[in-house]
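Take these sequences, add in the hints, and give me the full structure.
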Amino acid sequence: MILEPYAVSQRWRFPPKDTNWETLIVEYLETIARTCVEFDRCVIGHIKALALFPGGEYLQVSVINPALPAGVKGCVPPDCAELRLTLNVIVYGLERDLVERIACETAVQLANRRQGEVITET
Amino acid sequence: MLFTGFLGSGKTSFIIPLAEAVATAKRRAAIIVNEIGEIGIDNQLMRQLDLDVWELLSGCICCTMSSDLVITLQKLDAGYSPDLVIVESSGAANPSNVRSALPYYRGRPLQSVNTVSILDPLRLQMLIEVMTPLITSQIQYADLVIVNKIDLASPDEVAFACRTVQEINPEARVICTQAQQSLEPALMSELAPWLT
Chain Z
316 MILEPYAVSQ
326 RWRFPPKDTN
336 WETLIVEYLE
346 TIARTCVEFD
356 RCVIGHIKAL
366 ALFPGGEYLQ
376 VSVINPALPA
386 GVKGCVPPDC
396 AELRLTLNVI
406 VYGLERDLVE
416 RIACETAVQL
426 ANRRQGEVIT
436 ET
Chain X
526 MLFTGFLGSG
536 KTSFIIPLAE
546 AVATAKRRAA
556 IIVNEIGEIG
566 IDNQLMRQLD
576 LDVWELLSGC
586 ICCTMSSDLV
596 ITLQKLDAGY
606 SPDLVIVESS
616 GAANPSNVRS
626 ALPYYRGRPL
636 QSVNTVSILD
646 PLRLQMLIEV
656 MTPLITSQIQ
666 YADLVIVNKI
676 DLASPDEVAF
686 ACRTVQEINP
696 EARVICTQAQ
706 QSLEPALMSE
716 LAPWLT
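Chains Z and X are the protein sequences, given in the same order.
So in the numbering used here the end of the first sequence lands on 437, straight run, no missing numbers.
So in the numbering used here the end of the second sequence lands on 721, straight run, no missing numbers.
Note that these hints are calculated values from the structure, not bench results.
It is possible that some hints are incorrect.
Stated by the list, open to error - Okay, derived cross-link-like pairs now, DSBU-like style, lysine-lysine, Cα gap no bigger than 35 Å in a straight line:
| id | chain 1 | residue 1 | chain 2 | residue 2 |
| --- | --- | --- | --- | --- |
| 1 | X | Lys551 | Z | Lys388 |
| 2 | Z | Lys388 | Z | Lys332 |
| 3 | X | Lys600 | Z | Lys388 |
| 4 | X | Lys551 | X | Lys600 |
Claimed, not checked - Computed Cβ-Cβ distance ranges for the label pairs, DEER-style:
| id | chain 1 | residue 1 | chain 2 | residue 2 | range |
| --- | --- | --- | --- | --- | --- |
| 5 | Z | Phe368 | X | Asn622 | 30 to 40 Å |
| 6 | X | Leu574 | Z | Asn335 | 21 to 31 Å |
| 7 | Z | Ile434 | X | Ser679 | 35 to 45 Å |
Remember, predicted model here, so these are calculated numbers, not experimental data.
Each residue gets a CB set at the ideal place from its N, CA and C atoms; glycine is no exception.
Right under this line is the structure:
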């Protein structure tokens, strides 16, 4: 089984009062996981994301199986309008280009639906 | 101390409270984090928690980065003098290959090398079917096996995990638990008896 990890930094921006960041990032990672397993011969290794904040807070979300709830640790400070997210998608059986496309398209769809913005940093 | 276990099994969740307990006891713990992705996550989180972290990214210390592990251990010995070195291997690492790199280390002699394997009982049955050599090696070469996530797993899944360990590595000590903010005393005395 091939293993081609995908890692990226993203900046997410939303109006602060409208955003439940934990729910958003959980939905993002769970959607990536569900989309990946639609392909045959794929085993989710670990899909995880981390956002750090200047006050020492952090938000970590982890998905290992789309059928199980995501693990969430930490929290986002109040009135946070922008979040810089490190995303790791480690999936056996899928090529990196495909994983990248899934991660990017899912992010854009999620951001558009909630009138926000996501920028993938290279 | 080498932590091994498949991706998402919970290695970081045990390493953080262990390193914090070492720091609380005024000892020095150095953590070497190996992640196969180009941008690490566990290393960033540990640094945010004020732990002392060295990262080895974009490869695996059981193969392409084994010499990087040895070099990092030597740098630690020369410049940091830790009481405990915790190596978090990538979830794709074969611990036997990682340990076979250690004879090339040329620093002060290591007092002991222990391998701790973290198992996720929720996925063990599936993983052992599709990734038999990797999962078997992570059990076979462990001194201590932690069956994690017992709060989420069914009794049957936990029993299967214990049975599997017994079949593959009957010599290994086994603890069934769940990762928490601080390590329970029984686990602490297994991981760092010199602290208890």
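Hint check results:
1. A distance of roughly 27 Å separates the Cα atoms of Lys551 of chain X and Lys388 of chain Z; the hinted pair therefore holds under the 35 Å criterion.
2. Our distance criterion of 35 Å between C-alpha atoms is met by Lys388 of chain Z and Lys332 of chain Z, whose separation comes to about 21 Å.
3. Note on Lys600 of chain X and Lys388 of chain Z: the hinted pairing holds, with a Cα-Cα distance of about 32 Å set against a maximum of 35 Å.
4. A C-alpha spacing of about 21 Å is found between Lys551 of chain X and Lys600 of chain X, which places the hinted pair at or below 35 Å, so the restraint holds.
5. Hint check: Phe368 of chain Z to Asn622 of chain X, Cβ distance near 38 Å, so the stated range 30 to 40 Å holds.
6. For Leu574 of chain X and Asn335 of chain Z, the Cβ-Cβ distance of about 24 Å falls inside the hinted range of 21 to 31 Å, so the restraint holds.
7. Between Ile434 of chain Z and Ser679 of chain X the beta carbon distance is about 42 Å. The supplied range of 35 to 45 Å therefore holds.
Hint violations for this structure: none, all hints satisfied.
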